[in-house]
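There are 2 protein chains.
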Amino acid sequence: MAKPRRMVVIGGTAAGLSAASKAKRLDQDLQITVFEKSGYISYGACGLPYFVGGLIEKPEQLVSFSVEEMQDKRGISVHIHHEVLSIDRENKQVTVQNMKTGAMLVAPYEILVIATGAVPVRPAIEGIDIPRVVFLRTVEDGILLKGYVHDTQRAVLVGGGFIGLELAEELTQAGVHVTLFEAMDRLLPFLPQSFSRKVQETLDAHGVTVHLNAKIARILSSNGVAGAVESVDGTQVKADLVVLSVGVHPATALARAAGLELGIKDSIVVDDHMQTSDSAIWACGDCAQMRHIITGKPVHIPLGTTANKMGKVAGSVIGGEKDSFAGVLGSMVTKVFDLYIAATGLSLNEAKTAGYDAMESVITKNDKASYYPGGEPNTLNIVFDGTSGRLLGAQGYGSESIAGRINVLVACITAGMTVSQVNDLDLVYAPPVAPVYDPILIAASQALKHVGRS
Amino acid sequence: MAKPRRMVVIGGTAAGLSAASKAKRLDQDLQITVFEKSGYISYGACGLPYFVGGLIEKPEQLVSFSVEEMQDKRGISVHIHHEVLSIDRENKQVTVQNMKTGAMLVAPYEILVIATGAVPVRPAIEGIDIPRVVFLRTVEDGILLKGYVHDTQRAVLVGGGFIGLELAEELTQAGVHVTLFEAMDRLLPFLPQSFSRKVQETLDAHGVTVHLNAKIARILSSNGVAGAVESVDGTQVKADLVVLSVGVHPATALARAAGLELGIKDSIVVDDHMQTSDSAIWACGDCAQMRHIITGKPVHIPLGTTANKMGKVAGSVIGGEKDSFAGVLGSMVTKVFDLYIAATGLSLNEAKTAGYDAMESVITKNDKASYYPGGEPNTLNIVFDGTSGRLLGAQGYGSESIAGRINVLVACITAGMTVSQVNDLDLVYAPPVAPVYDPILIAASQALKHVGRS
Numbered sequence: 001m002a003k004p005r006r007m008v009v010i011g012g013t014a015a016g017l018s019a020a021s022k023a024k025r026l027d028q029d030l031q032i033t034v035f036e037k038s039g040y041i042s043y044g045a046c047g048l049p050y051f052v053g054g055l056i057e058k059p060e061q062l063v064s065f066s067v068e069e070m071q072d073k074r075g076i077s078v079h080i081h082h083e084v085l086s087i088d089r090e091n092k093q094v095t096v097q098n099m100k101t102g103a104m105l106v107a108p109y110e111i112l113v114i115a116t117g118a119v120p121v122r123p124a125i126e127g128i129d130i131p132r133v134v135f136l137r138t139v140e141d142g143i144l145l146k147g148y149v150h151d152t153q154r155a156v157l158v159g160g161g162f163i164g165l166e167l168a169e170e171l172t173q174a175g176v177h178v179t180l181f182e183a184m185d186r187l188l189p190f191l192p193q194s195f196s197r198k199v200q201e202t203l204d205a206h207g208v209t210v211h212l213n214a215k216i217a218r219i220l221s222s223n224g225v226a227g228a229v230e231s232v233d234g235t236q237v238k239a240d241l242v243v244l245s246v247g248v249h250p251a252t253a254l255a256r257a258a259g260l261e262l263g264i265k266d267s268i269v270v271d272d273h274m275q276t277s278d279s280a281i282w283a284c285g286d287c288a289q290m291r292h293i294i295t296g297k298p299v300h301i302p303l304g305t306t307a308n309k310m311g312k313v314a315g316s317v318i319g320g321e322k323d324s325f326a327g328v329l330g331s332m333v334t335k336v337f338d339l340y341i342a343a344t345g346l347s348l349n350e351a352k353t354a355g356y357d358a359m360e361s362v363i364t365k366n367d368k369a370s371y372y373p374g375g376e377p378n379t380l381n382i383v384f385d386g387t388s389g390r391l392l393g394a395q396g397y398g399s400e401s402i403a404g405r406i407n408v409l410v411a412c413i414t415a416g417m418t419v420s421q422v423n424d425l426d427l428v429y430a431p432p433v434a435p436v437y438d439p440i441l442i443a444a445s446q447a448l449k450h451v452g453r454s
Numbered sequence: 001m002a003k004p005r006r007m008v009v010i011g012g013t014a015a016g017l018s019a020a021s022k023a024k025r026l027d028q029d030l031q032i033t034v035f036e037k038s039g040y041i042s043y044g045a046c047g048l049p050y051f052v053g054g055l056i057e058k059p060e061q062l063v064s065f066s067v068e069e070m071q072d073k074r075g076i077s078v079h080i081h082h083e084v085l086s087i088d089r090e091n092k093q094v095t096v097q098n099m100k101t102g103a104m105l106v107a108p109y110e111i112l113v114i115a116t117g118a119v120p121v122r123p124a125i126e127g128i129d130i131p132r133v134v135f136l137r138t139v140e141d142g143i144l145l146k147g148y149v150h151d152t153q154r155a156v157l158v159g160g161g162f163i164g165l166e167l168a169e170e171l172t173q174a175g176v177h178v179t180l181f182e183a184m185d186r187l188l189p190f191l192p193q194s195f196s197r198k199v200q201e202t203l204d205a206h207g208v209t210v211h212l213n214a215k216i217a218r219i220l221s222s223n224g225v226a227g228a229v230e231s232v233d234g235t236q237v238k239a240d241l242v243v244l245s246v247g248v249h250p251a252t253a254l255a256r257a258a259g260l261e262l263g264i265k266d267s268i269v270v271d272d273h274m275q276t277s278d279s280a281i282w283a284c285g286d287c288a289q290m291r292h293i294i295t296g297k298p299v300h301i302p303l304g305t306t307a308n309k310m311g312k313v314a315g316s317v318i319g320g321e322k323d324s325f326a327g328v329l330g331s332m333v334t335k336v337f338d339l340y341i342a343a344t345g346l347s348l349n350e351a352k353t354a355g356y357d358a359m360e361s362v363i364t365k366n367d368k369a370s371y372y373p374g375g376e377p378n379t380l381n382i383v384f385d386g387t388s389g390r391l392l393g394a395q396g397y398g399s400e401s402i403a404g405r406i407n408v409l410v411a412c413i414t415a416g417m418t419v420s421q422v423n424d425l426d427l428v429y430a431p432p433v434a435p436v437y438d439p440i441l442i443a444a445s446q447a448l449k450h451v452g453r454s
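As given, the protein sequences belong to chains E and B, one line each in that order. Yeah, the first sequence ends on 454 if you go by full-length UniProt numbering, and it's all consecutive. Yeah, the second sequence ends on 454 if you go by full-length UniProt numbering, and it's all consecutive.
One or more of the hints may lead you astray.
Since the list gives no way to pick out one identical chain from another, each pair is judged satisfied if it fits inside one copy or across any two copies.
Unchecked claim - Listed next, the in silico SDA-like pairs over lysine to any residue satisfying Cα-Cα at most 20 Å (straight line): (1) K100 to V67; (2) K146 to A174; (3) K368 to E60; (4) K352 to V362; (5) K3 to G75; (6) K368 to Q71; (7) K265 to Q97.
Treat the hints as calculated values from the structure; they're not laboratory data.
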């Protein structure tokens with residue numbers, strides 16, 4: 001009998017556990033060990049703002065599978081509080097530290113999967129180590145932050161991305177006064193300027209104070225904890241809680257030290273099968289580089305869906321199945337109070353940068369028949385190539401149904417459709433659900449005025 | 001100066017007015033006259049059940065443009081209560097009767113557009129002419145029916161299609177006890193059997209009595225108005241209101257008398273530019289035949305979206321623009337109480353009949369992250385070719401978001417995607433809007449077990 005292959009997985013969240021589960025399902029002989037630095041595995045990090053806000057009560061609700069389930073049901077050995085300190089590619093082994101006991105161990109592998117994710121960017125400002133100055137990335141971060149909420153009067157959120165916006169909603173609903181600082185001239189900079197204004201109006205309407213073009217200089221302490229935030233122009237805002245969410249970068253220190261090839265933002269270079277420059281090592285999730293479906297170029301857009309899919313592809317290939325990752329469009333959605341915002345593909349600027357004859361066209365249209373009560377406006381911007389008519393991107397806001405509409409355009413972009421072909425889609429219609437010409441068709445028809453039928 | 005072209009349009013709802021408006025916009029010299037038999041133009045017939053139920057108060061709310069607006073703003077002459085009695089193709093003129101005065105007139109044309117729509121099927125049963133036995137097709141039908149609702153205790157609806165189901169909801173909510181008779185063994189027969197059962201359960205839960213395999217024999221009168229309905233097996237159900245909605249057929253008596261080529265269900269044969277077998281005559285909307293996008297074969301699926309689009313294509317071509325109709329997938333959606341049902345493309349049976357190695361795969365999955373409160377199940381069935389993996393159809397029910405999901409699959413089917421390609425779609429994700437693997441991806445992944453990656 002052949003010696004069973006040993007597979008080591010570094011990181012026990014979306015990508016790592018998808019890889020482990022899929023590989024084990026396909027090849028029961030694999031001996032799989034997962035090392036996870038934190039105390040939680042298999043959690044939905046995207047749910048953390050809702051845990052902090054109280055919509056989700058216990059951290060366990062965010063967890064899909066416990067360590068015991070992974071071991072007993074799936075036959076995968078999982079070690080939490082275990083940090084991998086180094087990868088020895090020559091001898092095919094990793095050195096691991098038990099963070100509870102300090103004990104060191106060495107784990108040999110035939111197959112290594114790096115799924116170390118991403119870590120929050122720590123801005124180079126004074127005071128980020130003061131108590132009640134936090135990041136939100138892990139369940140532990142969430143528990144810490146949630147513990148602060150009940151005695152917080154005023155929170156400052158630094159960074160107007162999705163996490164910042166979702167936290168603004170959740171903390172406001174928990175009774176905290178929120179001030180949001182964004183260093184750029186708008187929120188969600190991949191959206192058209194008017195969309196960012198709409199998001200800002202929604203925040204305003206719910207009592208969130210927004211400062212744009214506001215770079216943080218330092219965080220001031222008061223009685224040994226966060227007391228205020230000062231921006232570079234000298235403005236001080238009182239805050240008994242500060243959350244920093246100014247982006248993430250791939251957690252690839254281990255991979256770098258091991259000499260693996262790194263790409264965009266130091267993410268690990270992988271092929272479509274998630275294999276790195278070392279054929280015994282796979283990488284997947286937020287630590288790995290992706291290929292953009294439209295441009296074919298490498299990108300790093302860390303999202304939960306992508307992490308899960310990349311993990312599954314790695315696991316399939318390791319398990320002996322033919323599989324490959326199709327790439328990303330950077331599709332995303334969020335909810336800020338009663339406003340839903342979604343986007344996919346290229347923004348106008350990204351499309352221009354990529355060399356397209358990029359144009360955009362924006363429309364607003366109710367999401368139900370005009371005469372049916374309860375309709376809400378959907379605003380939809382589509383980005384297309386003026387020469388070929390090819391659809392390149394879409395951004396929208398409005399009611400929850402905007403998510404489905406952006407998903408329709410995901411399919412259209414993936415299929416390489418022109419706006420003329422989008423205009424011809426036979427979409428469903430009924431007065432309680434959509435107008436006879438869906439906002440998608442209105443947007444395409446509007447774009448057709450620039451490019452003509454194809 | 002050249003003599004201006006005269007364009008006559010028979011029918012003043014979706015298709016006819018779309019054709020007229022588009023043509024006039026492109027060619028201001030066109031002299032356009034629209035004849036409409038009823039007293040209303042430009043109304044959303046799909047809104048009639050909601051007008052009857054009271055959700056929409058006045059019939060005028062269903063109307064997009066009044067006769068005056070068409071004339072003053074668009075320069076199109078519109079005559080309501082005018083019925084076209086015959087088409088004289090040789091002399092290029094139509095004979096029209098003013099139904100208010102009885103006066104006859106002759107209208108010459110260079111271009112004729114037939115947009116006569118469809119009329120309800122009148123089943124061959126005794127008693128359909130008794131008062132309080134009605135159809136629901138025109139605004140006048142709606143006004144008549146609405147007038148009966150306030151003093152109706154028990155209504156029988158004959159026919160379990162979309163109109164029957166929407167009326168069941170609306171009449172129930174207006175306080176009427178509703179019994180629904182369906183001649184076939186299930187409601188909405190293009191849906192999988194289990195879906196039809198779900199629809200029936202929803203009706204049951206809201207107090208609607210459903211009789212399947214129940215063919216009506218006759219309607220009995222009581223004091224000169226509807227009193228009861230008797231099925232062929234002898235069951236009698238009391239009813240002081242009976243609504244017959246057992247389908248429609250194309251209103252093509254005029255076209256037939258004029259010798260135009262007719263096709264499926266006697267609908268008017270048109271090319272992709274909506275031109276009939278007579279090059280001076282166009283036809284569009286529910287009276288015309290369509291091409292199915294998947295099979296390429298002629299079909300007759302009368303829907304509001306299709307009527308509008310066909311009218312627009314006819315108007316574009318008449319106005320001198322290049323345009324053609326891309327065909328239909330028969331995409332549809334409806335709402336029955338709190339259940340949304342949507343479908344597109346081929347059902348399993350249709351796909352088998354069309355010669356495909358047809359298979360189907362059904363899944364149920366929540367429409368939000370499992371830990372996010374308020375998620376509702378979406379059930380999705382996809383039909384695909386077992387040999388090529390090509391997606392052929394999809395049907396779903398659940399929350400309102402099912403409509404957007406079916407629309408994503410509309411785009412996928414139109415693009416000729418395989419289930420493997422659907423599985424790779426980079427759809428949006430956020431806990432309040434979708435699970436990390438959208439129901440669409442779960443359905444595709446499930447189907448992949450039968451066909452494998454492509």
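Hints breached by this structure: Violated: hints 6 and 7.
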